[in-house]
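Asker: Below, each chain spelled out in residue letters.
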Amino acid sequence: KAGVTQTPRYLIKTRGQQVTLSCSPISGHRSVSWYQQTPGQGLQFLFEYFSETQRNKGNFPGRFSGRQFSNSRSEMNVSTLELGDSALYLCASSLEVVGGRDTYNEQFFGPGTRLTVL
Amino acid sequence: GEDVEQSLFLSVREGDSSVINCTYTDSSSTYLYWYKQEPGAGLQLLTYIFSNMDMKQDQRLTVLLNKKDKHLSLRIADTQTGDSAIYFCAADGSGYSTLTFGKGTMLLVSP
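Protein chains in written order, with our numbering: chain P, 6 to 123; chain Y, 71 to 181.
Certain hints may be false.
Partner residues aside, some chain P positions facing chain Y, computed with beta carbon under 8 Å [as the list claims (entries may be wrong)]:
| # | residue |
| --- | --- |
| 1 | Ser-36 |
| 2 | Ser-38 |
| 3 | Glu-53 |
No lab work stands behind these hints, which were simulated from the structure alone.
Backbone N, C-alpha and C define an ideal beta-carbon position, used for all residues, glycine too.
Using the sequences and the hints given, assemble the complete structure.
Answerer: Below, the structure written as structure tokens:
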């Protein structure tokens, strides 16, 4: 079974530009979450999509947005890039199991996209 | 919101046991996780524990959970140089598919 794939793996942009990152979840997984990892702030939750709907959102400015397609693939977009947006962006997919929170639901992480803003 | 804290660095000798500690704030966390990250790689789930358990053992890994103190630990027995990595504690108190991570503990294993 193929794992979570993220493209591109590396990206260099300049301040003010915008960027789109892509995540393909494991086949059958309908939930996709995005995280930003930086040396200073660590791993921070950006947002989570399930069945094309944003279900949870972290504390990030509106420049960060995302969407999910009917095949569960997800994209995240960052507009008007700032130097501080340089980070490793990780995507995770999980299999939503009907039954509520007590059902274990492992998140599988992709290798990440390393974004450098110059 | 949820806050997760862990020590930043641990150095051990090969063959010793390693213990990485973590504290969390949200008592509604259902699952608590330990992830491993090697340089240039994503996150690999090592193990997890359900909040109504006190201990879980998985081969060389032992997770201890003290719900009263909101304290989680990961013990790695017979630590090997290949265990050198950053270890993250995570809790799901903020939502079902939303994890709050600690800053990570860098484990350095010397021969």
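Asker: So, for every hint listed, does it hold in this structure?
Answerer: Going down the list of hints, with the structure as the test:
no., hint, result
1, Ser-36, "holds (5 Å)"
2, Ser-38, "holds (5 Å)"
3, Glu-53, "holds (5 Å)"
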